[in-house]
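*Asks:* As a plain string of letters, each chain reads:
Protein chains: 2
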Amino acid sequence: MDTQQIAVKIVLDRWFGLINNFEKTINSLTDDQLQKEVAPGKNRGIYLLGHMTAAHDDMFRVLALGDKLHPELLETFIMTADKAITEMPDAQELRTKWNNVNIALTEKINSLQPADWFAKHATISEEDFANEPHRNKLNVMMTRAGHLAYHDGQMALLKA
Amino acid sequence: MDTQQIAVKIVLDRWFGLINNFEKTINSLTDDQLQKEVAPGKNRGIYLLGHMTAAHDDMFRVLALGDKLHPELLETFIMTADKAITEMPDAQELRTKWNNVNIALTEKINSLQPADWFAKHATISEEDFANEPHRNKLNVMMTRAGHLAYHDGQMALLKA
Numbered sequence: 004m005d006t007q008q009i010a011v012k013i014v015l016d017r018w019f020g021l022i023n024n025f026e027k028t029i030n031s032l033t034d035d036q037l038q039k040e041v042a043p044g045k046n047r048g049i050y051l052l053g054h055m056t057a058a059h060d061d062m063f064r065v066l067a068l069g070d071k072l073h074p075e076l077l078e079t080f081i082m083t084a085d086k087a088i089t090e091m092p093d094a095q096e097l098r099t100k101w102n103n104v105n106i107a108l109t110e111k112i113n114s115l116q117p118a119d120w121f122a123k124h125a126t127i128s129e130e131d132f133a134n135e136p137h138r139n140k141l142n143v144m145m146t147r148a149g150h151l152a153y154h155d156g157q158m159a160l161l162k163a
Numbered sequence: 004m005d006t007q008q009i010a011v012k013i014v015l016d017r018w019f020g021l022i023n024n025f026e027k028t029i030n031s032l033t034d035d036q037l038q039k040e041v042a043p044g045k046n047r048g049i050y051l052l053g054h055m056t057a058a059h060d061d062m063f064r065v066l067a068l069g070d071k072l073h074p075e076l077l078e079t080f081i082m083t084a085d086k087a088i089t090e091m092p093d094a095q096e097l098r099t100k101w102n103n104v105n106i107a108l109t110e111k112i113n114s115l116q117p118a119d120w121f122a123k124h125a126t127i128s129e130e131d132f133a134n135e136p137h138r139n140k141l142n143v144m145m146t147r148a149g150h151l152a153y154h155d156g157q158m159a160l161l162k163a
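Chains as they are written, first to last, in the numbering used here: chain A, 4 to 163; chain B, 4 to 163.
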C-alpha cells in the first residue's frame with residue numbers, strides 16, 4: 004500500500020467501525036427506548052436517529068456522490084430542535100431510512116478510488132481548494148466520523 | 004502540500020478541534036456540575052474527565068513519545084468503573100492533570116514530522132506492521148479522536 008491508500012484505509016476503517024458501533028447501539032434499543040431523552044431535558048433517541056440519518060443523507064451532496072434519498076429529513080432533523088418538532092416520524096420509519104441511507108452511502112464510498120478522496124468536496128470552490136488542499140473528501144469523512152462518535156456516545160446512554 | 008502532509012493535517016486538525024471542543028465543554032462546567040451523572044445511573048462528569056486524562060496520558064506510550072505523566076490514573080479511570088471507585092480525586096486536581104497531559108502531548112504531537120505518523124505505533128510488532136502498514140501512529144490518532152468525540156457528546160449533556 005502507498006501513503007495515499009494507507010491514509011484512506013485509516014479513515015474509512017474508522018468510519019465503518021463507528022457506523023458499526025452506532026448500528027449496534029440502535030439495534031440494541033427498542034422503539035420505546037428510542038422515545039426517551041438521552042439525559043433529562045436533552046434530545047430523544049429518536050431525534051438523534053433522525054439527525055444522524057439526515058446528516059449522512061447530506062453527505063451524498065457534500066461528497067458529490069448523488070442526490071439525497073430522504074431530503075424531507077433535513078428540515079425536521081437538522082433545522083429544527085427536538086423540542087420544536089410537531090410531528091415526529093415513527094421509529095420504524097426512521098430505522099428504515101437510516102438503513103437506506105447507510106447502504107447506499109456505503110456502496111458509493113466503496114466505489115471511490117484512493118485518489119478520489121484527495122479531490123475537493125462539493126462545497127468549496129476550485130480557487131479556495133487550490134490554497135487549502137486539505138479540504139478534500141477525506142476531510143469530510145473525518146468531521147462526519149467525529150459527529151457520529153459524539154452522538155453515539157449519547158445514544159449509548161439509553162441502553163439499560 | 005503532498006499527500007502525506009495533507010493526510011496528517013486532516014487528522015491532526017480534527018484531533019485539535021475535538022480537544023478544543025472538549026476543553027470548552029469542561030471549562031463551561033463547574034466542579035459541582037462535574038459531580039453529576041451524565042445520565043441517570045451512568046458515569047459522572049468527573050469520572051469522564053479522569054478517563055479522558057488517563058486515556059490521553061497512555062498515548063505517550065502508544066505513540067512512543069515518552070513516559071506517562073500521571074500513571075496513577077490508569078487503575079482508577081481505565082481499569083475501574085465509576086461506581087466501583089472508592090476514592091475519587093477532586094475536580095481541581097483532575098483539571099490540572101488534564102491540562103498537564105494535554106499540553107505535553109500537544110508539544111510532542113507538534114514535534115513529529117509527517118512521515119513519523121506513518122511509522123508503526125508502539126504496540127504492534129515489526130512483523131505484523133509489515134503486513135498491516137495502516138496500523139501506524141496516525142491510526143492511533145483516529146481511534147483516540149473517535150473516543151474523545153464519544154465522551155465529549157456525553158460530557159456536553161451536563162451543560163445547563
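Where hints are given, some of them may not hold.
[What the hints assert, rightly or not] With a Cα cut of at most 16 Å, we get these calculated EDC-like pairs of lysine to aspartate or glutamate:
#, chain 1, residue 1, chain 2, residue 2
1, B, Lys45, A, Glu40
2, A, Lys12, A, Glu135
3, A, Lys12, B, Glu135
4, A, Lys100, A, Asp70
5, A, Lys86, A, Glu40
6, B, Lys111, B, Asp61
7, B, Lys100, B, Glu75
8, B, Lys162, A, Glu40
9, A, Lys111, A, Asp34
10, B, Lys12, A, Glu135
11, A, Lys71, A, Glu40
12, B, Lys123, B, Glu110
13, B, Lys162, B, Glu40
14, A, Lys123, B, Asp5
15, A, Lys162, A, Asp34
16, A, Lys100, A, Glu75
17, A, Lys162, B, Glu40
18, A, Lys111, A, Glu75
19, A, Lys45, B, Glu40
20, B, Lys123, A, Glu135
[Claimed, not checked] Which residues of chain A face chain B? A few of them, derived with a C-beta cut under 10 Å, are:
#, residue
21, Asp5
22, Gln8
23, Ile9
24, Lys12
25, Val14
26, Val41
27, Ala42
28, Pro43
29, Gly69
30, Pro74
31, Met145
32, Thr146
Since the hints were made in silico from the structure, they are not lab data.
This one's a predicted model, so the numbers in the text were calculated from it and none came from an experiment.
Where is the CB? At the ideal position from N, CA and C, for every residue including glycine.
*Asks:* Each hint should be assessed against the structure and marked as holding or not.
*Replies:* Status of each hint after checking the structure:
no. : hint                : verdict
1   : B:Lys45 - A:Glu40   : holds (14 Å)
2   : A:Lys12 - A:Glu135  : violated (22 Å)
3   : A:Lys12 - B:Glu135  : holds (11 Å)
4   : A:Lys100 - A:Asp70  : holds (14 Å)
5   : A:Lys86 - A:Glu40   : holds (11 Å)
6   : B:Lys111 - B:Asp61  : holds (13 Å)
7   : B:Lys100 - B:Glu75  : holds (11 Å)
8   : B:Lys162 - A:Glu40  : holds (15 Å)
9   : A:Lys111 - A:Asp34  : violated (29 Å)
10  : B:Lys12 - A:Glu135  : holds (11 Å)
11  : A:Lys71 - A:Glu40   : violated (28 Å)
12  : B:Lys123 - B:Glu110 : violated (20 Å)
13  : B:Lys162 - B:Glu40  : holds (12 Å)
14  : A:Lys123 - B:Asp5   : holds (15 Å)
15  : A:Lys162 - A:Asp34  : holds (12 Å)
16  : A:Lys100 - A:Glu75  : holds (11 Å)
17  : A:Lys162 - B:Glu40  : holds (15 Å)
18  : A:Lys111 - A:Glu75  : violated (21 Å)
19  : A:Lys45 - B:Glu40   : holds (14 Å)
20  : B:Lys123 - A:Glu135 : violated (28 Å)
21  : Asp5                : holds (8 Å)
22  : Gln8                : holds (8 Å)
23  : Ile9                : holds (5 Å)
24  : Lys12               : holds (5 Å)
25  : Val14               : holds (7 Å)
26  : Val41               : holds (6 Å)
27  : Ala42               : holds (4 Å)
28  : Pro43               : holds (7 Å)
29  : Gly69               : violated (23 Å)
30  : Pro74               : violated (26 Å)
31  : Met145              : holds (5 Å)
32  : Thr146              : holds (7 Å)
Checked against the numbered hints above, the structure violates hints 2, 9, 11, 12, 18, 20, 29 and 30; every other hint is satisfied.
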